[in-house]
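Participant: I would like the entire structure built from these sequences, with the hints used as guidance.
Those protein sequences? They're chains A and B, same order as listed.
Just so we're on the same page, the working numbering is the position in the first sequence counted from 1, plus 5.
Note that the working numbering gives residue 62 to position 80 of the second sequence, counting from 1, and the numbers run on in steps of one.
Keep in mind the hints are simulated off the structure, nothing from the lab.
Since we're looking at a predicted model, the values are computed, not measured.
We put the CB at the ideal spot given by N, CA and C, even for glycine.
Hints may contain errors.
[To be verified] Simulated DEER-style distance windows between Cβ atoms: (1) B:P170 / A:G141: 44 to 54 Å; (2) A:P140 / B:Q40: 35 to 45 Å; (3) A:R50 / B:E371: 52 to 62 Å; (4) B:E160 / A:F67: 28 to 38 Å; (5) A:G78 / B:P57: 50 to 60 Å.
[To be verified] Reference excerpt, derived from the structure (chain A facing chain B, CB under 7 Å, subset only): (6) T27; (7) V83; (8) A89; (9) F95; (10) K112.
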Amino acid sequence: MGQKSEAGLDDRFRRFGTVGFTGITRVNDFIAHLEEGRVAGTRCRDCGQVFFPPCADCRSCFSRRMAWFAVEGEGRLVSWSRLAFGPAGFQEDVPYTIALLDFGGYKVFGRVDRAVSEEELAVGLPMKVRVERLPGDRLSYAFVKA
Amino acid sequence: MRRVAVIGVGQSEFVRAYPGSIRELAFEAFREAMEDGGLKPAAIDASIVCSAPEYDRQRSPAGVIAEYLGLNPQPTFYVETLCSSSTTGVRLAAALIASGQHDVVAVIGFQKMSEISSAESQERMGRGADIQWESPFGTMMPAYYAMYARAHMAAYGTTLEDLALIRVKSSVYGRLNEKAVYRKEVTPAQLADPKDRMAGPVASPLRVGDCCANADGSSCLLLAAEDRARDCRKKPVWLLGVGSASASVNLTGRDLFTGLSVAREAARRAYRMAGVGPDDIDVAEVHDCFTIAELMAYEDLGFAEPGGGRELIRNRATYREGKIPVNVDGGLLSKGHPIGATGGSQVRTIVLQLRGEAGAMQVKEPRIGLVHNIGGVGLYGNVLILGIE
Ligand SMILES: [Zn+2]
Chain A
6 MGQKSEAGLD DRFRRFGTVG FTGITRVNDF IAHLEEGRVA GTRCRDCGQV FFPPCADCRS
66 CFSRRMAWFA VEGEGRLVSW SRLAFGPAGF QEDVPYTIAL LDFGGYKVFG RVDRAVSEEE
126 LAVGLPMKVR VERLPGDRLS YAFVKA
Chain B
-17 MRRVAVIGVG QSEFVRAYPG SIRELAFEAF REAMEDGGLK PAAIDASIVC SAPEYDRQRS
43 PAGVIAEYLG LNPQPTFYVE TLCSSSTTGV RLAAALIASG QHDVVAVIGF QKMSEISSAE
103 SQERMGRGAD IQWESPFGTM MPAYYAMYAR AHMAAYGTTL EDLALIRVKS SVYGRLNEKA
163 VYRKEVTPAQ LADPKDRMAG PVASPLRVGD CCANADGSSC LLLAAEDRAR DCRKKPVWLL
223 GVGSASASVN LTGRDLFTGL SVAREAARRA YRMAGVGPDD IDVAEVHDCF TIAELMAYED
283 LGFAEPGGGR ELIRNRATYR EGKIPVNVDG GLLSKGHPIG ATGGSQVRTI VLQLRGEAGA
343 MQVKEPRIGL VHNIGGVGLY GNVLILGIE
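Facilitator: Pasting the structure below:
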């Protein structure tokens, strides 16, 4: 991607989500992984600490040597909420559902796919994560039933 | 370390839209606190100004407020931890006094939510969480507390009817509080009737009636060292314990979803410092920005076991005549929640209760009171324990 910010920095991350609030981060390869259909976190090459959302720095051992890993398999639904009102930029989107999945070693926060109705949801429900392409060349991910 | 007391308290009325500027709003609470404590501005050694940022047009509000209150050339500074800003101010003031740097410090909390347009407010709401990893999904404060409510219901069988009982209790005391923004009665039937405004959906499972209202308002607390406190007009109310904690913003960094870890940790620290436990508390003010927040506070503070919170409200144990009266001033749900002023208002209520000056809301002869004030969705937590001799 040839996108550059005003300061000449790689701002690919601006494409993440329905509305982007920040474009500059040292984990902007997150976007490259989404492009290839993967939701990815990072693992410290020195101590093995796992991070989702991905981190560029390890707060356990202070290493900067990170490897990407794909979020795979089933997570358990920790909780969710269906919003009747949204903030600026999301008003056209309501109602939509945000949720948290627990994959054991890490958790993932995101949206529940629109095809899943609220009646189908229950705490503990196995779900998996799927990359979503949004209008305007934007990228996100959503949870579907496993 | 010197002992610290609250020697003066003040609060503006909490209203939908204050017809004045932030400095004038701050003055409303300051005047009341100074009259309460019988002090002149020269007696104040330093001021700490507290609000949630980005609602104020004025950058660095401490400057204009200290000027308007007549608190130059004494030092002043601004502090924020969102909705717990003014109890963070109390913690810093107490440290400045205990260390001997100052003798009397004013903690001024304010928020003029109506300072910005509703469009600007909607925009700020979108940036209330982790803007890199959560806000792009369209998150809002009520939805996060709603996720805690859902998890609590699944784990312990707490019901929407239990949450409604908390709103009903709040309205009983909101009607008695002349400074509250919402003073109407709320009945369980209203929250159960899908056609009633109170039952309207906000973020499932939370309804309109489960959420506090925005408000404009200010609070002011005067804190003093022991030797100064003894000479004041009013009986000093001692700050016996202060506990603070933080947690990850992003829910992915948390393990507990049926309570707030910051509240548990801050309470543990405050109880230890004060040398008391939950059974010693005679009256409490908890951060009920949502009904579920009050229910979780019962458990996080040790008034009930985890999962036992609903029994307290079902048995009316948190009413004024109950075992542990909670939010008998109407709480955030009825008073309204002018973010930076809220913690100071909670402390004011406890001080008035301990002095026996709480009027129609007075609990019978309380000796020890507690304040639980939370910033963000369990991001920052402060617990204060206050007592009277
Ligand atoms: Zn490491």
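Participant: Out of the numbered hints, which ones does the structure contradict?
Facilitator: 4
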